[in-house]
Amino acid sequence: MMMDLEAPAAHGSADAAVAARVAVLDRARLRGEFARQDAFLYLDEFLPKDLAGRVADCARALVPEINRNYLPGHKQGGSVSRHTIDEKAPLIAELYRSKALVGFLETLTGDKLLPSPDDDPHAYALYYYTKPGDHIGWHYDTSYYDGRRYTLLFGVIDDSTSRLDYALHTRNPAVPDEPGSVQIAHGGIVFFDGDKLRHRVTPLGENEIRVSLTFEYVTDPGMRPWKRFVSNMKDAIAYFGFRQVFKQTAARRSPRS
Numbered sequence: 001m002m003m004d005l006e007a008p009a010a011h012g013s014a015d016a017a018v019a020a021r022v023a024v025l026d027r028a029r030l031r032g033e034f035a036r037q038d039a040f041l042y043l044d045e046f047l048p049k050d051l052a053g054r055v056a057d058c059a060r061a062l063v064p065e066i067n068r069n070y071l072p073g074h075k076q077g078g079s080v081s082r083h084t085i086d087e088k089a090p091l092i093a094e095l096y097r098s099k100a101l102v103g104f105l106e107t108l109t110g111d112k113l114l115p116s117p118d119d120d121p122h123a124y125a126l127y128y129y130t131k132p133g134d135h136i137g138w139h140y141d142t143s144y145y146d147g148r149r150y151t152l153l154f155g156v157i158d159d160s161t162s163r164l165d166y167a168l169h170t171r172n173p174a175v176p177d178e179p180g181s182v183q184i185a186h187g188g189i190v191f192f193d194g195d196k197l198r199h200r201v202t203p204l205g206e207n208e209i210r211v212s213l214t215f216e217y218v219t220d221p222g223m224r225p226w227k228r229f230v231s232n233m234k235d236a237i238a239y240f241g242f243r244q245v246f247k248q249t250a251a252r253r254s255p256r257s
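Numbering-wise, the sequence shown is residues 1 to 257 according to UniProt numbering.
Don't read these hints as lab results, they were simulated from the structure.
You may find that some hints are simply not true.
[Unchecked claim] Calculated lysine to any residue pairs in the SDA-like style (CA-CA distance at most 25 Å, straight line):
#1 Lys196 x Gly180
#2 Lys99 x Thr170
#3 Lys49 x Lys99
#4 Lys196 x Asp159
#5 Lys75 x Gly12
#6 Lys112 x Gly32
#7 Lys196 x Pro117
[Stated by the list, open to error] Pairwise CB distance ranges, derived in the manner of DEER restraints:
#8 His139 x Asp220: 35 to 43 Å
#9 Glu206 x Asp118: 19 to 27 Å
#10 Asp159 x Leu71: 39 to 47 Å
#11 Ala20 x Asp86: 21 to 29 Å
#12 Gly32 x Asp165: 35 to 43 Å
#13 Lys49 x Arg27: 20 to 28 Å
#14 Pro221 x Arg27: 20 to 28 Å
#15 Asn207 x Gly110: 38 to 46 Å
#16 Asp118 x Gly32: 12 to 20 Å
Keep in mind the model is a prediction, meaning the values are calculated, not measured.
For each residue, glycine too, the CB sits at the ideal point set by N, CA and C.
All chains should be modelled from the sequences, with the hints used to inform the complete structure.
Here is the structure:
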């Protein structure tokens, strides 16, 4: 009788599933590749099949929670913030805090990585491209934190022709820009320093869907008050809506009962 090698992960924790996967990776080689590409790495296989499927199920279940937005000339699509994920998809929050996952990322970066603060809606979020033309233009994932911020991007659902286009070394005048393009496989990852990687998602075609999940980790969670205001306004307008972003701020200011 054939045994399903993915079966243990189905009944175990997300951390155990990631630990088993990381154990078979050549971490020294991957760290060298991450450094050579100036803080960028793509792996077309990372999450075990069962865990990747469970994350995709979470994404499908959260479709009614999507906040859609449109910024002419820059982006069109939908998103669900960590605050909604905390309430309705705890598996994703569990994966974000996986010690095996964070340890692997620390091996790549050489930095001590910390979770984004509880009031950051981008700490972990789902991004939905579900209508023709959904896209995001060229940009950097600018960090408003006092330290560095790293982005881990998972391929969750991809039945599309959309691609992640990127350019390496754009902040380093001593090295020529190196363009690239990937279509992130189900369970695959892209890991990068958002202040260094110029990237975009190309427009969605007819009858297509693309869903990605991002995790953000920081080296210093401090942020100046005026930068916090700018960050909150950007998140409210371009991603999650004012209700999702600012209800957390209001909750923090409310007196305890």
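Outcome of the hint check:
1. Lys196 x Gly180: holds (14 Å)
2. Lys99 x Thr170: Between Lys99 and Thr170 the Cα gap is close to 32 Å, so the pair fails against 25 Å, i.e. violated.
3. Lys49 x Lys99: holds (19 Å)
4. Lys196 x Asp159: violated (28 Å)
5. Lys75 x Gly12: violated (38 Å)
6. Lys112 x Gly32: Holds - the C-alpha atoms of Gly32 and Lys112 are around 18 Å apart, at most 25 Å.
7. Lys196 x Pro117: holds (22 Å)
8. His139 x Asp220: 35 to 43 Å: Hint violated: Cβ distance 22 Å, outside 35 to 43 Å.
9. Glu206 x Asp118: 19 to 27 Å: Between Glu206 and Asp118, where Cβ atoms are some 40 Å apart, the hint is violated.
10. Asp159 x Leu71: 39 to 47 Å: The hinted range 39 to 47 Å is violated for Asp159 and Leu71, with Cβ atoms some 25 Å apart.
11. Ala20 x Asp86: 21 to 29 Å: At 26 Å between Cβs, range holds.
12. Gly32 x Asp165: 35 to 43 Å: At 24 Å between Cβs, range violated.
13. Lys49 x Arg27: 20 to 28 Å: holds (21 Å)
14. Pro221 x Arg27: 20 to 28 Å: holds (26 Å)
15. Asn207 x Gly110: 38 to 46 Å: With Cβ atoms ~44 Å apart, the hint holds.
16. Asp118 x Gly32: 12 to 20 Å: violated (34 Å)
Consistency with the previously given hints fails for numbers 2, 4, 5, 8, 9, 10, 12, 16, ordered from lowest to highest.
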